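Chemist: Construct the entire structure; sequences and hints are all you get.
As a plain string of letters, each chain reads:
Protein chains: 2
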Amino acid sequence: MTVRLAIDCMGGDHGLPVTVPAALRFAQAHPDVHLVLVGREVEVRAAVSQAPGHAALADRLSVVNATEVVAMDDPVALALRAKRDSSMRVAIEQVRDGAADACISAGNTGALMAVSRFVLKMLEGIERPAIAAPLPNRAGGQTMVLDLGANVDCEATHLLQFAIMGSALVSALAASDQTVPSSQLNGGSNALESGAPRVGLLNIGEEVIKGNEVVKQAADLLRASGLNFIGNVEGNDIFAGVADVVVCDGFVGNVALKTSEGLAQMLSQIIREEFSRGWLSKLSAALALPVLSRIRTRVDHRRYNGASLVGLRGIVIKSHGSSDAFGFEQAIRRGYDAARNGLIRRITEALPKVSQQPPSS
Amino acid sequence: MTVRLAIDCMGGDHGLPVTVPAALRFAQAHPDVHLVLVGREVEVRAAVSQAPGHAALADRLSVVNATEVVAMDDPVALALRAKRDSSMRVAIEQVRDGAADACISAGNTGALMAVSRFVLKMLEGIERPAIAAPLPNRAGGQTMVLDLGANVDCEATHLLQFAIMGSALVSALAASDQTVPSSQLNGGSNALESGAPRVGLLNIGEEVIKGNEVVKQAADLLRASGLNFIGNVEGNDIFAGVADVVVCDGFVGNVALKTSEGLAQMLSQIIREEFSRGWLSKLSAALALPVLSRIRTRVDHRRYNGASLVGLRGIVIKSHGSSDAFGFEQAIRRGYDAARNGLIRRITEALPKVSQQPPSS
Chain A
15 MTVRLAIDCM GGDHGLPVTV PAALRFAQAH PDVHLVLVGR EVEVRAAVSQ
65 APGHAALADR LSVVNATEVV AMDDPVALAL RAKRDSSMRV AIEQVRDGAA
115 DACISAGNTG ALMAVSRFVL KMLEGIERPA IAAPLPNRAG GQTMVLDLGA
165 NVDCEATHLL QFAIMGSALV SALAASDQTV PSSQLNGGSN ALESGAPRVG
215 LLNIGEEVIK GNEVVKQAAD LLRASGLNFI GNVEGNDIFA GVADVVVCDG
265 FVGNVALKTS EGLAQMLSQI IREEFSRGWL SKLSAALALP VLSRIRTRVD
315 HRRYNGASLV GLRGIVIKSH GSSDAFGFEQ AIRRGYDAAR NGLIRRITEA
365 LPKVSQQPPS S
Chain B
15 MTVRLAIDCM GGDHGLPVTV PAALRFAQAH PDVHLVLVGR EVEVRAAVSQ
65 APGHAALADR LSVVNATEVV AMDDPVALAL RAKRDSSMRV AIEQVRDGAA
115 DACISAGNTG ALMAVSRFVL KMLEGIERPA IAAPLPNRAG GQTMVLDLGA
165 NVDCEATHLL QFAIMGSALV SALAASDQTV PSSQLNGGSN ALESGAPRVG
215 LLNIGEEVIK GNEVVKQAAD LLRASGLNFI GNVEGNDIFA GVADVVVCDG
265 FVGNVALKTS EGLAQMLSQI IREEFSRGWL SKLSAALALP VLSRIRTRVD
315 HRRYNGASLV GLRGIVIKSH GSSDAFGFEQ AIRRGYDAAR NGLIRRITEA
365 LPKVSQQPPS S
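Going line by line, the protein sequences match chains A and B.
The first sequence begins at 15 in our numbering and counts up by one.
The second sequence begins at 15 in our numbering and counts up by one.
Heads up, none of these hints are tricks.
It does not matter which identical chain is meant; a pair holds if it fits inside one copy or across any two.
Taking lysine to any residue pairs in the SDA-like style, the calculated list, with each CA pair at most 20 Å apart, reads:
(1) LYS135 / ALA113
(2) LYS296 / ARG308
(3) LYS296 / ARG312
(4) LYS230 / VAL90
(5) LYS367 / ARG237
(6) LYS230 / PRO89
It is worth saying that the hints were derived from the structure and are not from the lab.
Given the structure is predicted, the values throughout are model-derived calculations rather than measurements.
Modeler: Below, the structure is given as structure tokens:
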């Protein structure tokens, strides 16, 4: 089966110099991929012709012209109403029209969500779309967290729907794992090998008031849902590897994600500073170089690039705007895995199976 | 002026072997401190007699008997209603009765908050108490974050009150800085030297919906408040050092704090693993030991121990339950600084000055 990937070539801070080489490199490594490159045709073709090995990809690559570009700071309304021929929108339309199985964009999140929702529409049974992204965990795997910012005020049923979608997403990406040995998702000894993804509900713990009403209701729904619900988890559990999916509202999820990014930046700054404080420190840094580079590889945030916009009638992957080609390639990989392993089918099949009513007792 | 500190000697995972040596060491370094040690008198006196240098402290130390102990997993109701002669409660009563200027406890958070609120009552003009704790930032200072879990559902006026209290708390602790050179709070080139603490409101950024209604209303209140409000900040800004105080509801704050703890644990595990992978890595770890130990010192979470329970008619400091003597001493230091620099006076003086009404426009 061919997996057709629509690439918004103009999106992100860097656009063509990042998106096109990343897409071509991914296609070179995956013979079942057909690329649909969307953007200003002349510019896209020029970028293709500069990429190494492009000739061999000629018959697995098409270019779709789109005259406009959604800027990183464009208001949502502008992207949605004024720029109807943007590379972002045309790339999403490829998915709607069946010309692509997934769309990958590094364009601005608000616009991408709004345009995706407008073009693709929501899946039946899902009231709110969500942004889902994986974070690394201590078990050597990844924890999928959603929502990361699409919805600030959620009801319990929304959190249940996030759990269903997150669970389907992890299953879809894990299915790839069994065929792709290099994959990083939840290898080793975890629940995914033997069963459904473990779903945790993000709550606060020992403190005065244990969670709010919405979270309590969501826990009831999740217990009755038939999902592999492991109960409440706390912020630290995201990185502990006790759950494969952590569900929360978009405000909380966004704060957790950004806080983690901020802490990681601070710690790497501290490590850099201390290893360059005087010649002895610099010498020990040089000697520890292999160790430091292994550490850097393990915590490389680019490996976790690629958030899934779930709840839509099609697969849309959001890459970080400032991503380089390596990072963008990881986002493409998620779109590829989700498409190949039937993410949308998994979600729609799971929905009627899951009770969305709390137990009457 | 003598600063009298009531120590809940029985609280925390370790109790007497941690609390008593920490308290005595702190008193040895601070000649203006009088310790009020609260707990089972015989046991407390035995612990004192084992601590080095206790004889010299004899006239700056008193023991108040309390027959019961609040366990770390005691329900709040039990601590509040059944254990009326607990070391926690009696220590807080020392503050109420004017026998102490601050109380420091490593007991369970829920119980400490409930008993403090019951015994001390709220300050007039403050509707909800909050838990405030400092996190390190990249500017080499600290960012005070509140609420960390006392209130899950907050209204805009509560967030404004948190801002007032956080601002007063940072000012009080910074006032110590000018006399205590070893202090770690916001030294160097930040706004505190020249003016009021910079207050940020935790929000989400570029994503689809910019914050919820409560946060929008809180921003209006903060703009009109006369506080040094710098606007919305995101999760990563907690560690960036752009604000001295970051205000959020207790659910969000707790998730941010726990998420940070989880990430820090994961990263130190990764660093440990990689530096012990084979003899070459171990050798480079040995050579890099001075650097690694400087890094460890800079990120040592014990330095940030000591959350303030603010909004009460008295100073109560909560130490981490699993804290060792060094960590507990930091919590004592916060109680000392807050008492010496008039935290309660600062809050009550700031309250009428700050408008709690949004602009009518």
